[in-house]
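If you want the building blocks of each chain, they are given just below.
Number of protein chains: 2
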Amino acid sequence: MILKNAFVLRNYSETPQKLDIKILNGKIEKIKKKIEEKNDEVVDLDNKLIIPGLVNTHTHAAMSVFRGVAEDLSFDTWFFKVIDPLESKLNEEIVYWTTLVSLMEMASNGIVAFCDMYMFEDVVAKAVADFGMKAVLTRGLVDIDGNGNGRLKETFKLLEKWHGFENRIYIGLGPHAPYTCSIDYLTEIAKISKDNDILVTMHLFENSWEKEKFNLKEILKTGIANNQLLAVHCVHIDDNDINLLFDYNVFISNNPSSNLKLGNGIAPITKMLSKGLNISFGTDGAASNNSLNVLFEARLSTLLQKKDNPENMKIEDVIKMLTTNGYKALKINGGEIKEGNYADFTILDLDNPSFLPIENIKNHLIHSNPKIFATMVNGKFIYFDGQFPTIDKKEVYKQFTISYRKVIGIEN
Amino acid sequence: MILKNAFVLRNYSETPQKLDIKILNGKIEKIKKKIEEKNDEVVDLDNKLIIPGLVNTHTHAAMSVFRGVAEDLSFDTWFFKVIDPLESKLNEEIVYWTTLVSLMEMASNGIVAFCDMYMFEDVVAKAVADFGMKAVLTRGLVDIDGNGNGRLKETFKLLEKWHGFENRIYIGLGPHAPYTCSIDYLTEIAKISKDNDILVTMHLFENSWEKEKFNLKEILKTGIANNQLLAVHCVHIDDNDINLLFDYNVFISNNPSSNLKLGNGIAPITKMLSKGLNISFGTDGAASNNSLNVLFEARLSTLLQKKDNPENMKIEDVIKMLTTNGYKALKINGGEIKEGNYADFTILDLDNPSFLPIENIKNHLIHSNPKIFATMVNGKFIYFDGQFPTIDKKEVYKQFTISYRKVIGIEN
Chain A
4 MILKNAFVLR NYSETPQKLD IKILNGKIEK IKKKIEEKND EVVDLDNKLI IPGLVNTHTH
64 AAMSVFRGVA EDLSFDTWFF KVIDPLESKL NEEIVYWTTL VSLMEMASNG IVAFCDMYMF
124 EDVVAKAVAD FGMKAVLTRG LVDIDGNGNG RLKETFKLLE KWHGFENRIY IGLGPHAPYT
184 CSIDYLTEIA KISKDNDILV TMHLFENSWE KEKFNLKEIL KTGIANNQLL AVHCVHIDDN
244 DINLLFDYNV FISNNPSSNL KLGNGIAPIT KMLSKGLNIS FGTDGAASNN SLNVLFEARL
304 STLLQKKDNP ENMKIEDVIK MLTTNGYKAL KINGGEIKEG NYADFTILDL DNPSFLPIEN
364 IKNHLIHSNP KIFATMVNGK FIYFDGQFPT IDKKEVYKQF TISYRKVIGI EN
Chain B
4 MILKNAFVLR NYSETPQKLD IKILNGKIEK IKKKIEEKND EVVDLDNKLI IPGLVNTHTH
64 AAMSVFRGVA EDLSFDTWFF KVIDPLESKL NEEIVYWTTL VSLMEMASNG IVAFCDMYMF
124 EDVVAKAVAD FGMKAVLTRG LVDIDGNGNG RLKETFKLLE KWHGFENRIY IGLGPHAPYT
184 CSIDYLTEIA KISKDNDILV TMHLFENSWE KEKFNLKEIL KTGIANNQLL AVHCVHIDDN
244 DINLLFDYNV FISNNPSSNL KLGNGIAPIT KMLSKGLNIS FGTDGAASNN SLNVLFEARL
304 STLLQKKDNP ENMKIEDVIK MLTTNGYKAL KINGGEIKEG NYADFTILDL DNPSFLPIEN
364 IKNHLIHSNP KIFATMVNGK FIYFDGQFPT IDKKEVYKQF TISYRKVIGI EN
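Sequence order for the protein chains is A and B.
Per our numbering, the first sequence starts with residue 4, numbered consecutively.
Per our numbering, the second sequence starts with residue 4, numbered consecutively.
The following label-pair restraints were derived from C-beta to C-beta distances:
hint, chain 1, residue 1, chain 2, residue 2, range
1, A, Lys164, B, Lys33, 57 to 67 angstroms
2, A, Lys317, B, Lys36, 46 to 56 angstroms
3, B, Asn94, A, Gln20, 28 to 38 angstroms
Please keep in mind that the hints were generated in silico from the structure rather than gathered at the bench.
No residue lacks a Cβ here, since even glycine has one placed at the ideal position from N, Cα and C.
Bound-form chain A, shown alone:
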């Protein structure tokens, strides 16, 4: 396949230029000013901009079923009183369909890859496989209820069945949080992470009371970050914690919408950036955001940091966080449009009044209203001009509604 006539932003530090891209076996075979080859399918992308695919480094995809269900509540009430009890109603079928709706939303927002933490991850993997997206999937791990081992067994099954599937699906370890995982459990998880060379992702210091109750050094000394730890939220951390996160090479997923909406606060992103930490953006689940749009998170995070100093969070840094940093956080190759990389692209429509003057396009990517035209993963379109070529949209919507009614307890 040859993508022709588009502007291409090869990576965060360059400026877009007109380039053709030839794709073979899911990878970028050639990038040149003009590629003229017969027998190749040609996709005309005139007046479009191709950028490295956007990455969402934290979500709970199936939680789209809870979108708008628990609003205007504090974190504790939201999670312990409403969401946690409703989650007991979920099953494999429901999670399959509600995950698909989130994949549709993410694809229509230009997201090519994401990191998930939830239950029934076997059907999450099936949804990702069917839809064509790229993902690191983790079964949420908790041992305070005495079933820590059962959840680890699920992880082993996932590893065997899905890890490396079509160079798109990878399995990781998902200890839920310091307040749901014992130190012993984290130590065991750390060992499994190292033995299998897979990443660990964990909610960390999202709430102020976590910071008071738990000690970051103790958590990190379990070895949880020895292979790779993607720590999510990190709102309530001080300068010492930032130094520790750096020393242990911890990757950070910044989820500003969810942090504000649940009243948890603003993560010290500028300080972490200047320390040199790898920060990327996550949407969190649709129950606390309520939208899976990583461009929105990038813009929000940028504005929050500029509040204290408008020179914070410069455009190229933010584009890097959305692309290069996201791939590194997921421990997968990508983030740059170059020969040999997988063809993971976010394609924007330049027929957009909010993208004028076109000369300042990199600023518009973050601060204006980007319109996503298409999303490609490993050389295949998963979203194209309002359509989802890999699935039956009507059937997904129908099954989602049935699922929602079952969970909420509405008679059909």
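Model the placement of chain B on the given structure of chain A, informed by the hints.
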């Protein structure tokens, strides 16, 4: 014209229901479950949601020409060093085309009406007239350079030529800010406001140094709020100021993106709301936002207030701020879909994965990713399914680019 098969949210406090709407002479003639009348043009809006048109209560439309031009700068450097000098290059022709681009952007974001403060407002009015939008236009008033009277004369000309045009264009008075207008000048403006029954709009306490230099009571005692004052920003105000704003019945335009991006801070919206002030949303100009999307402002403002308490800024209040409050702030009729009101509508596409489950649609309006399908002003579509029926888009884009190059000094 009859709009058929859509869901209709008649006002912020109701829930959407399936209703047909008949429009005659720009106004809502009838709203019923089923309207079957021959000889009427029918627009099928199946799977769409009609809500009262969104209002943008503060912008400088022509500033789209400066979008992305001055980034990552403090307010003082941004305004005094970059924007202000560039503004001297503007002329009537440039302002006409760059305003049109902003009208396109606003219409594609569902905005039906806005309040503008800038120069060359005669051609801004022409652009609004040609495009079909609704607006209150104010010539920015400044007297520190000795030309206060000249600008007032422009206002009188605008009043005579445009006030009331097609029940769409209204003229107001736009004293720029306490630091550019003397107390005597404000007193004169107050008198003109009363004599002509037109509103006044002014930037107020956007920066911390304004609060230190100027006294709100002294400003209000000029009579500036006696007819109607729409005060913009109000970031640096204390509890006494809030009481004063209430006593003088001042309307507030909240512009959170611009306030964060220029490092000015967060306005005390929750306090102002609980006092009972009328607050609406403004985008500010595209040079400091950089996007004219009032839904984005509503969401951002809501998240910022929830940071301190997730129970702040409940959904219905926010929808009210976007609609009813906006009309009141602009001193025009509307904000509710009922017989006799002008047909000013924002029409959303419900074929949108981020709007599932559809049962919680009012939450999705603010917290998810609304997709605008069409925008109607006084019964005429100004945006419909990606198209702008009232203008020649290609010509506007072309003339915008020529204008941009003239302003920035790029040789063609």
